[in-house]
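S.K.: The lines below spell out each chain.
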Amino acid sequence: MARRGIEAATLALPWPSSDDRGRKRSGSDGSVLAVAVVLALIGLVMVYSASAVVAGNRFHDSIYFLKRQGAWLAVGFLLLHVASRLDYTVWRQLALPILAVTTVLLIAVLLPSLGVVAKGARRWLRLGPISLQPAEVAKLAVVLVLARYLARREGKVTEASTGLLMPVLVVGLLGGLLMLQPDLGTAVVIGLATLGLLFLGGARLTHLTGLVLLTLPVGAALILGSSYRRQRLMTFLEPWKDPTDAGFQVTQSYLAFGSGGLFGVGLGEGKQKLFFLPEAHTDFVLALAGEELGLLGTGTILVLFAILVLKGFQIAGRARGPFGRYLALGIALLIGVQVLLNAGVVTGLLPTKGLTLPLVSYGGSSLVTSLLAIGILLSISRDRRGGRQSIGCGGGIRVP
Amino acid sequence: MLDLSPQQDELRELQRRLTILKIGLLLVIVLLAFRLWHLQVREGQYYRDLSENNRTRSVILEPARGLIYDRNGVLLANNVPSFNLYVTLEDVTDRERLIKRLVGLIGLDEARLRKRLSERGAKLLPRKLKGGLTLREAALIESHRLDLPGVMVQAESQRNYPARLTASHLLGYVGEVSGDQLEKPEFGDLHQGSIVGQYGVEHTYDRFLRGRAGQKVIEADALGHEKRTVEVQKPEAGDDLYLTIDLRLQKLAEDLLGEEAGAIVAMDPATGEVLALASRPAFDPNVLSRELTPKQWEEIVQDEGHPLTNRATQGQYPPGSTFKIVMAVAALETNTIDPTTTIRCVGSYPFGRRLYKDWKEGGHGTMVLSQAIIDSCDVFFYTIGQRMGIEAIASYANQFGLGRETGIELPSERLGIVPSPAWKEKARNEPWLPGETISASIGQGYLTVTPLQMTNLIATVGNNGVSFRPRLIRAVMERATGRLQELPHVARDRLAIKPETLALIQHALAGVVTEGTARRAKSSLVTIAGKTGTAQTVAARPGPEQDLPKKLRDHAWFISYAPTVAPRIAVTVLVEHMGHGGSAAAPLAKQLIETFIKLTPHEPVIAESGSPVGSPMTVMVQQGPHD
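Protein sequences appear in the order of chains C and S. Quick note on this note's numbering: the first sequence kicks off at 32 and runs consecutively. Quick note on this note's numbering: the second sequence kicks off at 61 and runs consecutively.
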């Protein structure tokens, strides 16, 4: 088959020579890297601004969090570099092993002897001086597995029983394990990214709608069955009713955004981060950006993410094989969905969930996996088809 | 070229769906952008106003400090409730009015209050204005709270020492952490206003005792008063300490000193555990642990009796005749004399152009070393000192731990001075005079020691040359684990002295009590060995001792251990300006030793390494309430 032929050629010749007509190997997409670097640097500055006072009080070291974030950035960009140099098709072989490892990690984190409890959830695995968040790895694992699956079964996901069964099972398993931590936020990100990817992969709308309708009762049961989630939902519906308890974070977030206005109160001048805005350096970093940098700052951050996601879609369009295409789409969706959910939470459009803003928030696991994903995206961008650049207008795919 | 139309179709379908997805995402982004604009610009002013009036405040919850017990589990330091006055500057509308009201209501010192209010610090964090309010003051503040925006009274714990002046130098006191201290890493987890140990074991073991502060987030009303609690992070109490001190012996030692200035140290020679460490005059740590006015502080510091000085570890006195123990060991070990060497004492020793007198007019006659120790003959020791030279004397003094730290766990231990030509050259830039060797031979001149050093010395002699680091802490009760952690054993030292030398000295020291200068320490209960000393405070005296003003009189020393074989206790008594060691110091040591023997009659003789079987440690597992 022709498609198989392309894939085989890719495997055989990961670095095609320049005389291989129509499959010119190019440099990676510089703009994607630039956007990622800018966002990570904004994150570094905001993390410092958010945490300096708290870290100074708590650790007598105002750059406590800054140092750690800087170290994780270094690790992340190293991985990004390696991943962008690596032929991305290795991820195709690694997809299932990574899924297996992720499942083991997600089970391990639930064991009281291994998982570290913080703020009521068992989310971290302690490995010597560092702690690992398996949920972050799970996001990448799902995208890899789905890309591999969609590439193999291209055109067949329209058959409901066979086409959607595998993705639903995998995502259901990981989502279930995540809910046990509990980590609803990551489960929702994975679920939405999966839906998006299945949609792009050609799944019938009726099937997808059915899937969504099926998960609704499950979600409702989960929310009403857990008092803290119910409370979060009630808080979401009426944040001002009890501004000091559960609605505390969201209302403090409003105050932070509001104080910022158009241009912000100035970097480092934010007042909310001192005591009022909890998690100012992690989940609510966008609110702090809103206070200190104003609408200008939050707008810039959102535009940068939009560029990143659109670039991801573009890279997918130029990818030669279906695996690269779906992988790029999956990564772009993953980032896009998480940014939108995080922004939705901090602006009070969605209930509180505990999600980081990719690349910007403090947190090693999130930062490293995001940068690794962008590294993979860069690797896909190197291996693009020649000629016109959009899907469907590619015209002459030549097969030897 | 192959027919690729199925793939072309699929790609086209993907393109179509991607466009739909992009449109969907765009709609969400537009919604988000609108939301941000709404929050930041359209409603911005509203939220800005709210933010200015943000009414949540963070209050630090101070931890309960660890308790201190004696070796039998008797409480020495605990915490009692106390009312402290705080103000949150953010909520103060009119500072002048506040100052006026507080001065009027509870008589705060205006200058101090002004200074405290203008100190740097977070405006949102409450700062302490005054600790230890009386119930009446607290009630006054509470009843005027509507007049006092930003002011609050917190019930917190105050350090309390139930035995008051007893063991005050040992326990020390606590106080607010100073700015200098906060800069240091070991105080890293503290904050302004934290209570830390400033003296005694409170200082040395602060890291165990201090615990960990918690935090409370409150919602304040328009006047800055607590309306409701939002979030509480509980403080963690500190660990409890079990000292080696026996409070009964400590009290007795202090009573024995009475109104006199001086020090008494009792130690277990086989372990280095300090059983009593008394220093008089004392201070009340309860007073020092509260906030002192500068005037109160001045009074304590300028007191002529120097009550803050721990005379047992910081008082430096000439050892007088007690130093003859070192001299005797040095003379035998350097083979300057042997046990049968005789020296004739005629009551004075001519050297250079001076005549060095013996304390006994007419002299002691011809004697050997052990008799010279028993009668404390000065001329004998002048002679051997002159023969050995100052370097040998200094070397043995150093071996016995003089001139260096004993390593006890108390702050600012003093070292005393073991003089030598090198020391004099360095300290005074003068050459050593031969006559100064004669003075040093009877523990006078530049030579100074602390009572604790002498206790260590006599314990080492009684313990056959094995010495321990004096220790004050037996165990720490870890709050977190509920486990009683015994502190690691203490390094020890064996002096390179011939056993027969030590045996001779031990025999002579027993003779000092049975037939020598310390006959008044002779006990029917237990055999005691010891050495008296009388330390001159001025070299030349105008007349007979009893006619001198008290502050010029001699210090009385007695250093001892008991029983004479396998000693269980070593005791040092130093009484300032009380004259002869034999009459003023030895009887006190005897009383302390007899009481110790009566209190612990069944305690078996202790082997070199272990702690006693059936020791009072079992009592210590009993836990008192923390406050």
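Because the hints were derived from the structure by calculation, they are not lab data. Certain hints may be false.
Claimed, not checked - Partial selection, computed: residues in chain C whose CB lies under 8 Å from chain S:
#1 G61
#2 L64
#3 S290
#4 G291
#5 G292
#6 F344
#7 P382
#8 G385
No residue lacks a Cβ here, since even glycine has one placed at the ideal position from N, Cα and C.
S.K.: Run every hint past the structure and note whether it holds.
M.R.: Verification of the supplied hints:
1. G61: At 22 Å from the nearest chain S Cβ, G61 of chain C fails the 8 Å test, so the hint is violated.
2. L64: Since chain S brings no Cβ nearer than about 22 Å to L64 of chain C, farther than 8 Å, the hint is violated.
3. S290: At 5 Å from the nearest chain S Cβ, S290 of chain C passes the 8 Å test, so the hint holds.
4. G291: Holds, about 6 Å.
5. G292: holds (5 Å)
6. F344: Holds. Min distance 6 Å.
7. P382: violated (15 Å)
8. G385: Hint on G385 of chain C: violated, closest Cβ of chain S at ~17 Å, above 8 Å.
Of the numbered hints listed earlier, those contradicted by the structure are 1, 2, 7, 8.
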